[in-house]
Amino acid sequence: MNQTISNEGQRDIPGMFAGLAATTKRDLLLAWKRPGDVLNPLFFFAMVCTLFPLAVGPSAEQLEFSGPGVLWVAALLATLLSLNALFISDFEDGSLDQFLVSPQPLPMLVLGKTLAHWLTSGLPLVFVSPILAITYRMPLSVVGVMMLTLALGTISLSLLGSIGAALTVGLHRGTALLSLLILPLAMPIMILGANAVSLAATNDIYSTGIWALGAYAIASLSLAPYATAAALRISNE
Amino acid sequence: MTHKLSGDNLTLIRGERCLFQELSFALESGSLLILEGRNGCGKTSLIRAIAGMLSLEEGTVYWDDVPVERVRQTFHGSLVWLAHRTGLKGDLTLVENLGFERLLRAHSSQDPEEVYERLGISRLKKLVLRSLSAGQQRRVALARMLLSNVPLWFMDEPFTNLDREGRVLVMELVEEHCSRGGMCVMAAHQDVEINVPTTRVKIQ
Amino acid sequence: MDALSMGGYGAYVWSCYGLTFVIVVFLNWRGRLRQKRIYREIEVRLKALEDRE
Amino acid sequence: MWKWFHQLASPPHFYRISLILAPWLGISGLILVAYGTWQGLFVVPMDYQQGDAFRIIYVHVPSAYLSMMAYMIMATSGAIGLIWRIKLSHAVAAAAAPIGAGFTFLALCTGSIWGRPMWGTWWEWGDPRMMSELILLFLYFGYMALRSSIDDTTKADKASAVLALVGIVNVVIVHFSVEWWSSLHQGQTVFKKGTMDADMRIPLFIMLIGFTLLFGSMLLRRIRTEVLYRERRTRWVREMILSPGGGA
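Keeping their order, the protein sequence lines are chains C, V, S and F. Heads up: the first sequence begins at 1008 in my numbering, then just goes up one per residue. Heads up: the second sequence begins at 11 in my numbering, then just goes up one per residue. Heads up: the third sequence begins at 46 in my numbering, then just goes up one per residue. Heads up: the fourth sequence begins at 55 in my numbering, then just goes up one per residue.
Just so you know, the hints here were simulated from the structure itself, not pulled from any lab data. Just so it is clear, CB atoms sit at the ideal spot from N, CA and C, and this is done for glycine as well. Check before you lean on any hint, since a few could be wrong.
Said to hold, decoys possible - In silico contact screen, one side only, chain C against chain V (beta carbon under 8 Å); selected entries:
1) G1026
2) A1029
3) L1036
4) K1040
5) P1042
6) L1049
7) S1066
8) A1067
9) D1100
10) S1102
11) Q1105
12) L1107
13) V1108
What the hints assert, rightly or not - Facing chain S, from chain F, some residues (calculated, C-beta under 7 Å):
14) P66
15) I110
16) L162
17) T164
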């Protein structure tokens, strides 16, 4: 304990991608220790998909027609459900304070968290969706398109949702408010995704939707972390 | 290399109340700044404002005579934050928690085992933090502070949840840190006697 | 009468203009109400403060 | 120029100016709207395609335009408040939201009433404009809900400014995505872009200006309320309210 303080502030700070990797790794580890947080939205997704045929009837053509839309709405709601918890525990146990006073750029830390969120909510949805799609009589070629749209779309959903989660963290009525803020923002993603799948189902050209979803994902990847970081600074004041 | 932390004309209004007004201070390497006042008088707000977590109504905080907004990364790379909410994850073990910190901040070259030993937490390394007592969790947070190699310590109410022995330990650690050329900002509602050059700021 | 029936579209046209009138008046009224309320609140508080001094 | 701007942005100065300005805006707006309504309802000849139903546009277009303009004002003044920390601009943003929501609602209702005789339906999901307006209404609701659920005014100002800025990007994207979507489902555009004759256009311009002036006077009153509330602890408010004339 006799060493002197040699540090000049930033010399040995790990690089900014280290911050991204560290938060991702930590959140994945946390998800691993609490698998319920990952599984609940998946069950919710499956249940919404089950409710729909029960409500409108099980006829084959109806299911085929409405399948893409139902799956997409269910995926959207399931993501929304999981977004709630994105920053709450960090806010409550003081980790957010540590992020704010860390030398790492906050948008990178936020991006790391969002990436972990996508890996634990969006990606599992992508892999569960084929099972449900098949019950909706979706042909296998269309299932592939659907998985692609879901994969691209949930990236944007996680990123946009992180802005809403950051704005509502620490508020009493945060949960209901989060849906109110995020659903209008998420609407274009759902329009693009669900319709690309519908087009694929009717053998039309669906690439426009995929490209638009990809562009949306890239745009939100580059902009959303800054908005989220700003929102977190404000919410944690 | 010596550092200097100073605040000039700090004013903060939260909601209805003006918490502090035209407050100034200066802190050099090797000394301690204590923010005193009753509970709920705005000490925590002040220390958070100095650390850059709250935006001030007026006034500027300077790190080495440069406004901190201009050198945010250097400033935050030079400090470590310890507060009531420890920022440690209850679901992770001690080692996992501190491993995460090492990836964010400059860390010292000293052996973690020595630090754990000194803080009396070396037996708890493999345990999930949730299963530790509040005092033990506090000690883990102290370990994080010791393992990071930074000149500036921020401590918000460092004595809560600690027994007598723990409080003495904290005072010793601060003394050592300052004698090695570090500096420390502390918000406390009880009397603190540490044998280093001390500036006191009272908040009404 | 012609002006009222609007070539069969009277109900639509008049309801639109009526609704516009209602909403503009409503927005204006709410604005005035809020202003009066805030003004009163501050006035009462300031008067009470002055009396105490 | 900069100095003049700062002087205007100082709350007491703004308060005095808006006290003088608001009634004039309101009165001139009322006159223009009254004239425009009379023209639009009785003077302008009817459209050869839409019949007399086209007269709805004289209230629909101004309200749709104001719904967008209010959002632009809300988002830009929020951004100005975030960047340059001008308090007045946050008050502007807070004041613009409820008026904008009102006009958005009005635009939706009049659009829907117009659609009934024209399209044979109260609501057309495939129309990008109606969908953008609807999303805009949701954004206003979200904005106001976020504002009202944060107790601390400064914090509410900043958080809602971030939301408004995110939302403004969204409105554009919604418009284009719904346009793509409706092109898939409709095959043809439902809205025919007819060219308007000059004698139909002039009343519309008059209505647009009149509505903007009315909006301006309502906005000024609400900003004044916001300023009064935010500055309630300051000396100038105290002096003004306790002075014999008051300041209402």
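Hint check:
no. : hint  : in the structure
1   : G1026 : holds (6 Å)
2   : A1029 : holds (4 Å)
3   : L1036 : holds (7 Å)
4   : K1040 : holds (5 Å)
5   : P1042 : violated (11 Å)
6   : L1049 : violated (20 Å)
7   : S1066 : violated (47 Å)
8   : A1067 : violated (46 Å)
9   : D1100 : holds (6 Å)
10  : S1102 : holds (5 Å)
11  : Q1105 : holds (4 Å)
12  : L1107 : holds (5 Å)
13  : V1108 : holds (5 Å)
14  : P66   : violated (14 Å)
15  : I110  : holds (5 Å)
16  : L162  : violated (11 Å)
17  : T164  : holds (5 Å)
The structure fails hints 5, 6, 7, 8, 14 and 16 (numbered hints given earlier, in ascending order).
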